[in-house]
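Spelled out, the chains give:
Protein chains: 2
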Amino acid sequence: MSKILDKINELKDLKTCSISELNTLAEEMREVIIKKVDTIGGHMGPNLGFVEPTIALHYVFNSPTDKLVFDVSHQCYPHKILTGRKDYYLNPEKYTEISGYTNPKESEHDTFFIGHTSTSVSLATGLAKARDLKKEKANIIAIIGDGSLSGGEAFEGLDNAADLGSNIIIVVNDNDMSIAPNAGGIYGNLQLLKDTKGQAECNFFKAMGFDYIYLENGNNIEELIETFKKVKDIDHPIVVHIHTLKGKGLELAEENKEAFHWILPGTVENFGKPATQVECYESITKDYLLQKREKDNTVIAISPATPGVYGFTPDFREKLQEGYTDVGICEEHAVAYASGLAANGAKPVLCVMSSFIQRTYDQLSQDLALNSNPATILIWWGGISAGDATHLGCFDIPIISNIPNIVYLAPTTKEEYLKMLDWSVEQNKYPVAIRVPFGNFVSTGIEDDTDYSLLNKYQVKEKGNEVAILGLGNFYYLGKQVKEELKNKLGIDATLINPKFISGLDKELLEELKREHKVVITLEDGVKAGGFGEKIASFYGNSNIKVLNYGADKEFTDRIPLEELYLRYHLTKELIVDDIKNCL
Amino acid sequence: MSKILDKINELKDLKTCSISELNTLAEEMREVIIKKVDTIGGHMGPNLGFVEPTIALHYVFNSPTDKLVFDVSHQCYPHKILTGRKDYYLNPEKYTEISGYTNPKESEHDTFFIGHTSTSVSLATGLAKARDLKKEKANIIAIIGDGSLSGGEAFEGLDNAADLGSNIIIVVNDNDMSIAPNAGGIYGNLQLLKDTKGQAECNFFKAMGFDYIYLENGNNIEELIETFKKVKDIDHPIVVHIHTLKGKGLELAEENKEAFHWILPGTVENFGKPATQVECYESITKDYLLQKREKDNTVIAISPATPGVYGFTPDFREKLQEGYTDVGICEEHAVAYASGLAANGAKPVLCVMSSFIQRTYDQLSQDLALNSNPATILIWWGGISAGDATHLGCFDIPIISNIPNIVYLAPTTKEEYLKMLDWSVEQNKYPVAIRVPFGNFVSTGIEDDTDYSLLNKYQVKEKGNEVAILGLGNFYYLGKQVKEELKNKLGIDATLINPKFISGLDKELLEELKREHKVVITLEDGVKAGGFGEKIASFYGNSNIKVLNYGADKEFTDRIPLEELYLRYHLTKELIVDDIKNCL
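These protein sequence lines are chains A and B, in that order.
Per this note's numbering, the first sequence starts with residue -19, numbered consecutively.
Per this note's numbering, the second sequence starts with residue -19, numbered consecutively.
Treat the hints loosely; a few may be bogus.
Note that the list lumps identical chains together, so a pair holds whenever it fits in one copy or between two copies.
[Unchecked claim] Cross-link-like lysine-lysine pairs, in silico, DSBU-like; alpha carbons within 35 Å at most:
id, residue 1, residue 2
1, Lys409, Lys212
2, Lys115, Lys299
3, Lys114, Lys443
4, Lys553, Lys66
5, Lys394, Lys115
6, Lys85, Lys299
7, Lys467, Lys437
8, Lys(-8), Lys177
9, Lys275, Lys117
10, Lys498, Lys117
11, Lys394, Lys114
12, Lys441, Lys74
13, Lys399, Lys117
14, Lys(-5), Lys443
15, Lys443, Lys174
Rather than coming from a laboratory, the hints here were simulated on the basis of the structure.
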């Protein structure tokens, strides 16, 4: 059915195509991408907008000698199709066998595992410098979206790349959008450059020291090829600013850029149909913020460019008015900004994905914790995950809980979550992070009357003996299962504890447990290394209590099903009870 | 003796001074600063260059209603002198009783604890937004040096500040220098702006969306006052770019800007005199790099703007030629750049202070570790420290050692260090970090023949029984003392182990220890939370071995003498042996 794509098996097949064939190829690739993404989900808009630039890049440059570094790499599907991996896009049975990001294990045309933003220029600068040290020749091309430019690492990379003194080509893929609309002063300049077809004197890239070239028709293959040919083998750093259309070729995606940045399966057919409203952590967070803001205009929600993750839809953001800031893709600033807000009497609630909070260790520590400013940080999607190695949610506990002064909380129900959230927003002593439960939504219907200001008081849910189970956050429910299994299999009436506080020990309770327990087990939905359980083990080091820590091993896993990971880490009630049995 | 300074007790005293009196005051303050800094050490150049701007800022604005946020805050001495703390600068007996950084506990005029770079704009943006939410009026002023502009957090802050839509004043204190000379493309634009007296069309700050004003005579109080009066109560974001002289008023400091950025006591008198050359980790690192580069031009040393920390003097940097990159103040880029270099076959050796590596957690994890690129990172000044809360070196172990794939090593002698360093540089499988010993320099004279590629093999230095001591890195020597004390006090012949590998367990050895030992103690020169010892405790959780973990508590300490901290944390041979006695 595909006239041209059928013939493209290697990059060399591309180089003999005519422009007309390349245009046909683009249409064919676009169809393939739409079908696959709508079938299994994934990044739609970024890939559709980058079909022609990818074709032109590979037409002009010679990968892998010339090296392409994609930013976030969520726009790499066209690149994968052209570099020997088209089967994974054509054959539905193979759809899930390939990563959605660049992956050096898949192909020599992928230079790095990349999934976080704003890294391509820095990485490419390293590649370029190594080329220079080795006295080799090659074009090093970093591709970066306009959205990713707001990340500090991108700026640092640009600042250093401009100083390189040799070949590096920065392709700025400007589609007028971040995931959500762009936020930040730099976007005024990008707009000015687009309005003036790159002719404006005041030019961010030139101010950074780059040579600069602009292409308005960033989805025109012929013009792209012409442009890239001009900069090929250039002997100094240059920015090629191309204006592209996010979601190109799929009307829905062109018109709903934010909604079609990343989609769930079946979105094309179902878009716009009313979704069933179910209560979830996203919805109760939004309700809380709206209600709170009505009473208190110092409450402010902050998102570092990922509002969709927590369901902060455009209409919700609109309702918050000045009580909402999308800072752009810049988690570092987001944390420091929240600290500043809290220092001056506002009540900031910053939402960040677990995988992205790791960009802010220093800001959490210095800007926030050292200053004891009472900002609230909601950590989303924290937990052992079946996802990509670039987006794992299992490292936030070691990151956050080992920083002094931060209170890190793990609720297990709607009621606990809301109580913790409100306590955090209203208190003025501590920076507080809350690990929003991920997975099942549990509501007890009974208001939580805990006084969280007492700090580090674990809750004994069911008192027993012999074995004590500390089931943290998401894994409280696994703890419940273990308790039942212990009763059924070994006749043990275990104590079940909901620790709630990730960042501190309830020494009094832990001490007390010594009296009637032989074994304490800890369950945490994250990596064990540096986490919650090891601290319990250390506490009991000088005692006769045995401690078994459960959680993930220290490793990057890549798209491994949860069931498999749970077996690997002994995270099932049966395996845990076996371990306990061997230990008693 | 001071005519004007004597009269200045509060900020209001400043406001009634004439320009001529303010000029005299500047001279008096300068004298006071030179004397104090040369007596007890500290930041000389940054403070001398910022005397007049500080006087003018406090003359025009009304702190604490108007709020000043200093970047790094190493230029805050004049500010402290003017805000009720002059005694600590005038009275030698009180010299050390005050922090060298802004500190909200000292004064309401200090808005934050600040010590890391590139944070002021972000923090100030938060203050400004809170002011807007509260519908108050106040000037929010961020002060940032040209050097700090290369940090990504500063860029992120600027990008968001430009969008604020209300009052925020960014004073760019441009003294043509970072700690060392500036590196990065942005500095070309700053130079252009200085050359054109701010008139160049291509203007980084305007490209970022700011209004902009330039002052060439950044140390002229009258002109400064005039300039600040112009922007006071402004209703939109503006950058005030002032050209100042680092080290102003001390000829030596003006002429030797890098050397006088931060000085040791007595530097003014002794500057230029030949220093006695003693072998140390700095010197052997430099020797190694020079020798290596002679044979292999893919070796490259990288510094994120702090070459002085590891003794990378200008002449040494010169010798490395293209084998040295100062990336500017940007640790994030530094790590990604190193990863890119390693990915393309170069041999990067990145040097970072323990306190600053924390800005790179995400880059260590995603850009480097996930990609398993064989870069070498040397961590300097890691350990429990008597220094400022903003520059503690005790958190690097939890940060680095809990990231998968990174091999983190703790040498105890010159020979181990050099062997590890060379192994790391020559291997191509792992990202490797080495915690450069801090404190005493020990050379055995015997070459280390360990094969580090075997990974996670701890070294049994002296085999004994009953008690096993794991003395990590710097604290290996404390372990030796404990062993002696155990022998002397309790007659126990303990096993002494040099773990060498911070990031992995030698499970075979730990298993073996169970046979003839009852107690295992761990000693690490850093915070216990998330560190090395807790993993040992977790390993032995399901056994009869008792484990005692030693290290620092999870807290920010501020200028507390080491002896006091060691007592607090039981880090003396006597206290440890007492603990062991109670445990047996």
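Hints, verified against the model:
1. Lys409 x Lys212: The answer is between: 32 Å across copies meets 35 Å, while 57 Å in one copy does not.
2. Lys115 x Lys299: Cα proximity of Lys115 and Lys299: across copies only (19 Å, versus 57 Å in one copy).
3. Lys114 x Lys443: Neither way: Lys114 and Lys443 sit 67 Å apart in one copy and 48 Å across, limit 35 Å.
4. Lys553 x Lys66: neither (42 Å within a copy, 65 Å between copies)
5. Lys394 x Lys115: between (60 Å within a copy, 34 Å between copies)
6. Lys85 x Lys299: neither (46 Å within a copy, 38 Å between copies)
7. Lys467 x Lys437: Classified as within: same-chain Cα gap 26 Å, cross-chain 41 Å, threshold 35 Å.
8. Lys(-8) x Lys177: Within one copy only: 33 Å inside, 53 Å across.
9. Lys275 x Lys117: between (63 Å within a copy, 22 Å between copies)
10. Lys498 x Lys117: neither (66 Å within a copy, 61 Å between copies)
11. Lys394 x Lys114: Answer is between: at 30 Å across copies they meet the 35 Å cutoff, but 58 Å inside does not.
12. Lys441 x Lys74: neither (46 Å within a copy, 54 Å between copies)
13. Lys399 x Lys117: Classified as between; 33 Å across copies, 61 Å inside a copy.
14. Lys(-5) x Lys443: For Lys(-5) and Lys443, neither the intra-copy (72 Å) nor the inter-copy (67 Å) Cα distance is at most 35 Å.
15. Lys443 x Lys174: neither (67 Å within a copy, 72 Å between copies)
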